[in-house]
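Quick note on my numbering: the sequence shown kicks off at 1 and runs consecutively.
It is worth saying that the hints were derived from the structure and are not from the lab.
Because the structure is a prediction, the values reported are computed rather than measured.
Please note that a few of the clues may not be correct.
[Said to hold, decoys possible] Heads up, simulated DSS-like pairs for lysine-lysine below, C-alpha to C-alpha not over 30 Å straight-line:
| hint | residue 1 | residue 2 |
| --- | --- | --- |
| 1 | K128 | K139 |
| 2 | K556 | K522 |
| 3 | K582 | K285 |
| 4 | K468 | K522 |
| 5 | K447 | K285 |
| 6 | K525 | K556 |
| 7 | K582 | K615 |
| 8 | K447 | K461 |
| 9 | K542 | K362 |
| 10 | K248 | K65 |
[Unchecked claim] What follows is a set of in silico ranges between Cβ atoms, one per label pair, in the way DEER data are often shown:
| hint | residue 1 | residue 2 | range |
| --- | --- | --- | --- |
| 11 | D185 | L330 | 18 to 28 Å |
| 12 | G81 | P566 | 48 to 58 Å |
| 13 | G545 | Q387 | 25 to 35 Å |
Note that beta-carbon positions come from the ideal geometry of N, C-alpha and C, so glycine has one too.
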Amino acid sequence: MAVRRSKLGLRVNYLIIFLSGLVLLAAAILIFMLVVKNVYGNYEVSEILPSKKNLSVFTWDKQKKAAILYSEYTQNMLPQGSTWISDNIDTWEIFIKASKMNYDIISDQMIELGEHFDYPLIILPAAKSMSDKQLVQIKKYLERGGSIFVTSGIATFSDEAKWRGWEFFTEVFGMNFYKEIHPRDFERKVHTLRGNLPLTSGIPTGYSLKIATWDRPIYAEVLEPRTTQVSFWYDFIREAGLVMEEIKRSAGIAYGTYGKGRFVWFGFELNSVLGEQEDYIYFEKLFNNSINWLTYKPTANIKDWPAPYDAAMILVPIINEQPYNINNVLPIINRHKLPASVFVRPQTAITYPSLIKSIAGKVDLGAIVDIGFLESPFDTLNSLYDQQLQFTNMGIAKDTLESISGTKVNGLMPEYGYFDDNTMVGMARYGYNYMVTDSLTDRSVPKTVFRNEQPMLIFTKTARDDRKIIGEYGLKERSFQLYTYEEDINRLLFEGGLYILKVHTDFQLQPQYVDVINDVVKYAKQNNLWITSVDEILSWWKRRGNIEVRYEWRSKRRISVEVTNPSDIIVEEFVAEVNINKPVRNVNVSSEIINTDIPVYEFDKESNSLYMYIKNLKPNETRIFLIDFENILPL
Numbered sequence: 001m002a003v004r005r006s007k008l009g010l011r012v013n014y015l016i017i018f019l020s021g022l023v024l025l026a027a028a029i030l031i032f033m034l035v036v037k038n039v040y041g042n043y044e045v046s047e048i049l050p051s052k053k054n055l056s057v058f059t060w061d062k063q064k065k066a067a068i069l070y071s072e073y074t075q076n077m078l079p080q081g082s083t084w085i086s087d088n089i090d091t092w093e094i095f096i097k098a099s100k101m102n103y104d105i106i107s108d109q110m111i112e113l114g115e116h117f118d119y120p121l122i123i124l125p126a127a128k129s130m131s132d133k134q135l136v137q138i139k140k141y142l143e144r145g146g147s148i149f150v151t152s153g154i155a156t157f158s159d160e161a162k163w164r165g166w167e168f169f170t171e172v173f174g175m176n177f178y179k180e181i182h183p184r185d186f187e188r189k190v191h192t193l194r195g196n197l198p199l200t201s202g203i204p205t206g207y208s209l210k211i212a213t214w215d216r217p218i219y220a221e222v223l224e225p226r227t228t229q230v231s232f233w234y235d236f237i238r239e240a241g242l243v244m245e246e247i248k249r250s251a252g253i254a255y256g257t258y259g260k261g262r263f264v265w266f267g268f269e270l271n272s273v274l275g276e277q278e279d280y281i282y283f284e285k286l287f288n289n290s291i292n293w294l295t296y297k298p299t300a301n302i303k304d305w306p307a308p309y310d311a312a313m314i315l316v317p318i319i320n321e322q323p324y325n326i327n328n329v330l331p332i333i334n335r336h337k338l339p340a341s342v343f344v345r346p347q348t349a350i351t352y353p354s355l356i357k358s359i360a361g362k363v364d365l366g367a368i369v370d371i372g373f374l375e376s377p378f379d380t381l382n383s384l385y386d387q388q389l390q391f392t393n394m395g396i397a398k399d400t401l402e403s404i405s406g407t408k409v410n411g412l413m414p415e416y417g418y419f420d421d422n423t424m425v426g427m428a429r430y431g432y433n434y435m436v437t438d439s440l441t442d443r444s445v446p447k448t449v450f451r452n453e454q455p456m457l458i459f460t461k462t463a464r465d466d467r468k469i470i471g472e473y474g475l476k477e478r479s480f481q482l483y484t485y486e487e488d489i490n491r492l493l494f495e496g497g498l499y500i501l502k503v504h505t506d507f508q509l510q511p512q513y514v515d516v517i518n519d520v521v522k523y524a525k526q527n528n529l530w531i532t533s534v535d536e537i538l539s540w541w542k543r544r545g546n547i548e549v550r551y552e553w554r555s556k557r558r559i560s561v562e563v564t565n566p567s568d569i570i571v572e573e574f575v576a577e578v579n580i581n582k583p584v585r586n587v588n589v590s591s592e593i594i595n596t597d598i599p600v601y602e603f604d605k606e607s608n609s610l611y612m613y614i615k616n617l618k619p620n621e622t623r624i625f626l627i628d629f630e631n632i633l634p635l
């Protein structure tokens, strides 16, 4: 169309302007949609319209509320004036506020009348007494896709305080009640957490919570595959019994599904958790992970061990009486190319220098050092040696062994198992970079400590050694010895921790028993343990411990994961595990930053977990990955 001229100049062509405007509008919409896709991933057009429903997706914490039941029915069971219910509710309010989720306090009647269905999460703390109507409504709520967070013996009494039993517990949670822990038996109980689960993400594998028994915590056994055991009460160090059998019927935390809904069960009340600052930090992480799982939010962590291993093993022979028996294990070490860290006292090295020289280079050497004696970890009357005497003994031990063997000594083992801060300072001073001890029992993975800016690893006692198996149990039959070692391997696989096979020259290394070690190594290999050396674990743990991982829920179909290496060394390879915490398919990993190396990854449909095998993360490098997926179920 020609442009007409007039005396007043160019005449405006409204059709061209209109069409140009449409083109610009279409371009703007396209750019907007591309920006939204880049930030939030795949979407449908209906999901980006500014509706109330769509806006609530990105303001979950403000729009969605949890409901906390104040159980008057349970209160009526208690002695007059009891504040047990209100004290528990107060604690839950503190933790829910810290998790940045809003909440309402609801009554028994609200659940009976069905006024709870709009809440995405219902918390039932200390709700031992509930009516039949409540149980029906709770099951309907779960079947429709709701989530519940419960403690102890929920609904074991009726609203009239009559004993109902464990039928509801078994039906909904897929578990069988085994027993209560009575305060007269224990004032407190150690409660061990498994690693590499959505609820224990970021918590050391095998971490031991300390739980008071005044509220009679519960042992339970998982019966159905829809329920996952998170922890156990059984203490392998102090209690007898068949290990895995006792572990499986002593669950104290579990999570799972019922109908379309989800649940998390703690077999104790929140007020029962004891400990120091670190204990409360890890318990808060456990609590927040539980909330994330119940509300379909992701969690992420760095796997403890290199792929594809779920547990690890080291061999620690100790030269004691009958020192020449150390030679009995060398053929097994050579046959399996098995690394070993042998510990010896400096006095023994002086007495048998030729023996120490003969094994030097074939194994790593560590020093057994006398730093003092305590009756128990809680001993307040006695103390270890003072700093100067500890320093003297550590220095003499290291110099003696290094001069005799001609090799470097990096490991220390306290003579009686215990240590204090003076010990750690002395280790840093004399160049010890790891310790094997019996006194640290709060985890089944190494613990990193720093003194004088030097990192050192503490290896706890994670399994029964031959002194207990042969000396205390009196197991002379090799088949019984092997079975006991296999029990502990199975337990460490269940936890995901480090199996420390500690053997002595006057017990397992005797000629008539030493072949059992060969069978133990075979069993470990069959079960895919990472059989490694202390030096390799030192290197791995240092690299793994430097990695920081953060994650963000971008949208219904996208999670952003950021991994950072703040250290001054390259991390050659590690595994980042992302628990998506909901059923998804067609998982894809990309990055919004050009030239970012996309790692090899695997998605486990059973656990809804993504494993990213990341390589060569340089010092101070950060990589951001976008995880896109399709939801199988509507949320």
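Q. Going back to the hint list, which numbers does this structure go against?
A. As far as the earlier hints go, 2, 6, 10, 11 are violated by this structure, in ascending order.
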